[in-house]
Amino acid sequence: MIELKKINKVYDDGFQALKNIDLTFEEGQINVLIGPSGCGKTTTMKLLNRLTDYTDGQLLIDGKDIKEINPIELRRRMGYVIQSIGLFPHMTIYDNVATVPKLLKWEKLKIKERVKELLTMVNLSPETYMTRYPSELSGGQQQRIGVIRALAAEPSTILMDEPFSALDPISREQLQDELVRLQKEIKKTIVFVTHDMDEAIKIADQIILMKDGHIVQKGSPNEILANPVNDFVREFIGEERLGTTVSLPPIGELMRKNYLSISTNLSKQETIDFMVANQVSELPLVDEQGGYKGVISLYKALKSKQTNLVELADQSVVTVEETTDVNSIMEQFLQTNPIIPVVSEQNKLVGVLETSKLLDAFHQIFKNKSGVA
Amino acid sequence: MSFITELGLYMAENYSTLLSLTLEHILMVVYGLGMALLVGVPLGIIAARYEKVAPLILSLTNILQLIPSLAMLAILMIYFGLGFETMVIGLFFYSLLPIVRNTYVGIREVDPSITEAGVGVGMTALQLLYKVQFPLSIPFLMAGLRVASVIAVAVACIGPYIGAGGLGKEIISGISLQSDVKIYAGAIPAALLAITADLILGKIEKNKKQRIA
Ligand SMILES: Nc1ncnc2c1ncn2[C@@H]1O[C@H](COP(=O)(O)OP(=O)(O)O)[C@@H](O)[C@H]1O
Ligand SMILES: [Mg+2]
Numbered sequence: 001m002i003e004l005k006k007i008n009k010v011y012d013d014g015f016q017a018l019k020n021i022d023l024t025f026e027e028g029q030i031n032v033l034i035g036p037s038g039c040g041k042t043t044t045m046k047l048l049n050r051l052t053d054y055t056d057g058q059l060l061i062d063g064k065d066i067k068e069i070n071p072i073e074l075r076r077r078m079g080y081v082i083q084s085i086g087l088f089p090h091m092t093i094y095d096n097v098a099t100v101p102k103l104l105k106w107e108k109l110k111i112k113e114r115v116k117e118l119l120t121m122v123n124l125s126p127e128t129y130m131t132r133y134p135s136e137l138s139g140g141q142q143q144r145i146g147v148i149r150a151l152a153a154e155p156s157t158i159l160m161d162e163p164f165s166a167l168d169p170i171s172r173e174q175l176q177d178e179l180v181r182l183q184k185e186i187k188k189t190i191v192f193v194t195h196d197m198d199e200a201i202k203i204a205d206q207i208i209l210m211k212d213g214h215i216v217q218k219g220s221p222n223e224i225l226a227n228p229v230n231d232f233v234r235e236f237i238g239e240e241r242l243g244t245t246v247s248l249p250p251i252g253e254l255m256r257k258n259y260l261s262i263s264t265n266l267s268k269q270e271t272i273d274f275m276v277a278n279q280v281s282e283l284p285l286v287d288e289q290g291g292y293k294g295v296i297s298l299y300k301a302l303k304s305k306q307t308n309l310v311e312l313a314d315q316s317v318v319t320v321e322e323t324t325d326v327n328s329i330m331e332q333f334l335q336t337n338p339i340i341p342v343v344s345e346q347n348k349l350v351g352v353l354e355t356s357k358l359l360d361a362f363h364q365i366f367k368n369k370s371g372v373a
Numbered sequence: 001m002s003f004i005t006e007l008g009l010y011m012a013e014n015y016s017t018l019l020s021l022t023l024e025h026i027l028m029v030v031y032g033l034g035m036a037l038l039v040g041v042p043l044g045i046i047a048a049r050y051e052k053v054a055p056l057i058l059s060l061t062n063i064l065q066l067i068p069s070l071a072m073l074a075i076l077m078i079y080f081g082l083g084f085e086t087m088v089i090g091l092f093f094y095s096l097l098p099i100v101r102n103t104y105v106g107i108r109e110v111d112p113s114i115t116e117a118g119v120g121v122g123m124t125a126l127q128l129l130y131k132v133q134f135p136l137s138i139p140f141l142m143a144g145l146r147v148a149s150v151i152a153v154a155v156a157c158i159g160p161y162i163g164a165g166g167l168g169k170e171i172i173s174g175i176s177l178q179s180d181v182k183i184y185a186g187a188i189p190a191a192l193l194a195i196t197a198d199l200i201l202g203k204i205e206k207n208k209k210q211r212i213a
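Chains as they are written, first to last, in the working numbering: chain A, 1 to 373; chain B, 1 to 213.
Read the hints as simulated data drawn from the structure, not as lab findings. Be careful, since some hints might not be right.
[Unchecked claim] Computed footprint of chain B on chain A; a stretch qualifies when at least three of its residues, placed anywhere within it, have a C-beta under 8 angstroms from a C-beta of chain B:
| hint | stretch |
| --- | --- |
| 1 | 66-76 |
| 2 | 79-86 |
| 3 | 95-106 |
[Stated by the list, open to error] Heads up, simulated BS3-like pairs for lysine-lysine below, C-alpha to C-alpha not over 27 angstroms straight-line:
| hint | chain 1 | residue 1 | chain 2 | residue 2 |
| --- | --- | --- | --- | --- |
| 4 | A | Lys-112 | B | Lys-131 |
| 5 | A | Lys-105 | B | Lys-131 |
| 6 | B | Lys-208 | A | Lys-102 |
| 7 | A | Lys-46 | A | Lys-187 |
| 8 | A | Lys-46 | A | Lys-64 |
| 9 | B | Lys-131 | A | Lys-108 |
| 10 | B | Lys-131 | A | Lys-116 |
| 11 | A | Lys-268 | A | Lys-300 |
| 12 | A | Lys-102 | B | Lys-209 |
All C-beta atoms in this analysis are idealised placements derived from N, C-alpha and C, irrespective of residue type, glycine included.
Kindly generate the complete structure, drawing on both the sequences and the hints.
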């Protein structure tokens with residue numbers, strides 16, 4: 001855990017870049033520092049690995065005053081990714097990634113294993129890329145290397161200063177997705193600087209919004225979106241985001257958990273009888289282990305000669321995972337089937353979204369909102 | 001008999017003398033440059049690291065190069081006497097500026113974000129120097145070495161005036177005997193030496209640069 005207590009920073013030229021910063025970076029979370037250019041994000045980050053020293057206040061790392069920690073050792077146990085990527089152009093990808101393990105004098109074999117593991121983790125084949133030089137990689141690939149170089153020596157904390165802002169939008173989105181996926185595995189304390197609100201909302205556990213050297217608001221993305229403290233925050237978030245993202249319940253809340261389903265044990269006739277008796281035209285098909293096998297349509301069951309339920313089931317129906325963002329599936333459920341099966345990562349059926357119910361829910365939310373406004 | 005065949009015949013006949021003069025010439029240059037590298041690179045690094053002493057180091061080496069070569073060699077002769085060593089010391093002084101200056105510029109030119117990355121991952125000042133800054137300044141250093149080597153090959157031609165050998169011997173005796181053939185027999189290998197050094201070092205410089213760019 002990293003705690004900043006009443007931190008002030010005055011640069012040599014007399015400019016006060018940070019004013020009375022009180023802040024805690026929680027363990028294992030992505031903490032995003034965001035704010036307009038010049039608000040002090042980079043300065044705050046550089047305090048953490050002592051590339052800059054604060055003027056007064058106190059900075060504790062796991063309860064220990066940062067001034068008592070040797071800066072060289074401190075930096076070796078904090079990963080650092082900078083905006084301009086900063087790979088060493090005269091070193092191969094291998095040597096770049098191995099930089100900190102080498103400084104820490106790891107065994108050669110262990111370093112090699114680690115580099116391979118990291119390259120695989122970001123979908124770059126070790127055989128192809130280890131011997132290449134940074135100039136032989138695309139911007140997106142280079143920044144992946146920048147990220148795994150920071151991860152190499154298994155630091156507990158990783159500092160990332162606008163790591164993706166120089167990339168094209170597609171690579172940027174990819175790397176954001178990868179970071180979120182990676183973080184699920186590695187669970188590091190990440191301090192991430194950006195000026196892009198979409199990026200912050202997408203990746204953050206905690207957002208710290210700054211302006212002119214002080215903190216305006218901090219909280220989870222939902223908290224900030226739901227309760228912006230003032231006009232500055234509202235403006236920074238943007239009206240359209242406030243409009244759509246606020247308080248849409250997660251899929252887990254919207255779906256029906258104990259929806260009817262057809263077991264693959266049933267015969268075709270039993271299935272038809274069951275659907276008619278329950279007055280439903282579509283039902284998900286599951287095997288004995290609860291594995292999702294497709295959607296059975298009553299109409300199709302009556303019409304088709306196929307007697308095997310698995311063959312009969314429609315496999316092309318769109319499914320979603322519980323963790324999927326509701327907004328991203330708006331389009332899908334507006335144009336497709338009356339039901340959307342919700343499956344787990346192992347493709348087990350966990351529930352069903354009914355399009356009609358979903359639409360009702362959205363209308364309800366919309367009504368509430370316009371009522372308030 | 002045409003001049004070319006005359007020159008060819010002369011060079012063929014005196015082939016072993018010319019070869020040993022060329023070798024001597026090369027040795028003087030290599031020793032001079034070697035010493036300049038040994039002293040100049042550290043001076044360049046010091047200048048790049050300590051902003052305050054940079055002007056002092058750079059202007060001192062600059063002054064050395066501004067002294068006319070004959071005058072410098074004459075002065076050196078007063079202290080070191082006649083001979084090969086005096087010439088090597090002269091070449092050393094002459095090569096110092098391009099090497100110091102280019103090392104200095106090379107290190108200063110390293111992209112600040114790369115230096116920051118080095119510091120940020122926890123390199124000590126020394127590690128930063130030999131793992132990052134110095135390797136990245138090598139193309140500049142090679143450019144300096146290239147300039148220095150061409151100057152050194154030329155300056156070494158006046159070696160005989162202070163009792164050193166080298167191809168200058170052939171050229172100067174050609175002047176006093178008014179023999180065009182002898183002058184050319186000394187000048188052509190000297191020119192070839194300068195061109196070869198320029199080409200080889202230029203190639204190394206380019207190779208290093210390509211990788212880094
Ligand atoms: N070395 C410095 N000396 C003086 N002022 C600085 C220095 N570094 C940054 N600043 C100023 O401090 C403020 C915050 O800078 P920074 O933390 O880099 O902002 P950002 O939020 O864009 O990362 C800016 O106004 C900047 O001009
Ligand atoms: Mg910044």
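Going down the list of hints, with the structure as the test:
1. 66-76: Holds, because 5 residues of the stretch 66-76 of chain A bring their Cβ atoms closer than 8 angstroms to Cβ atoms of chain B.
2. 79-86: Coverage by chain B holds for the stretch 79-86 of chain A (6 residues, Cβ < 8 angstroms).
3. 95-106: holds (count 3)
4. A:Lys-112 with B:Lys-131: holds (19 angstroms)
5. A:Lys-105 with B:Lys-131: holds (15 angstroms)
6. B:Lys-208 with A:Lys-102: Measuring from Cα to Cα gives roughly 24 angstroms; hence the hint holds.
7. A:Lys-46 with A:Lys-187: holds (22 angstroms)
8. A:Lys-46 with A:Lys-64: With a Cα-Cα distance of about 17 angstroms, the restraint between Lys-46 of chain A and Lys-64 of chain A holds, given a limit of 27 angstroms.
9. B:Lys-131 with A:Lys-108: The hint holds at about 18 angstroms.
10. B:Lys-131 with A:Lys-116: Given pair Lys-131 of chain B, Lys-116 of chain A holds - Cα atoms ~22 angstroms apart, limit 27 angstroms.
11. A:Lys-268 with A:Lys-300: holds (11 angstroms)
12. A:Lys-102 with B:Lys-209: OK: Lys-102 of chain A and Lys-209 of chain B at ~25 angstroms, within 27 angstroms.
The structure fails none of the hints (numbered hints given earlier).
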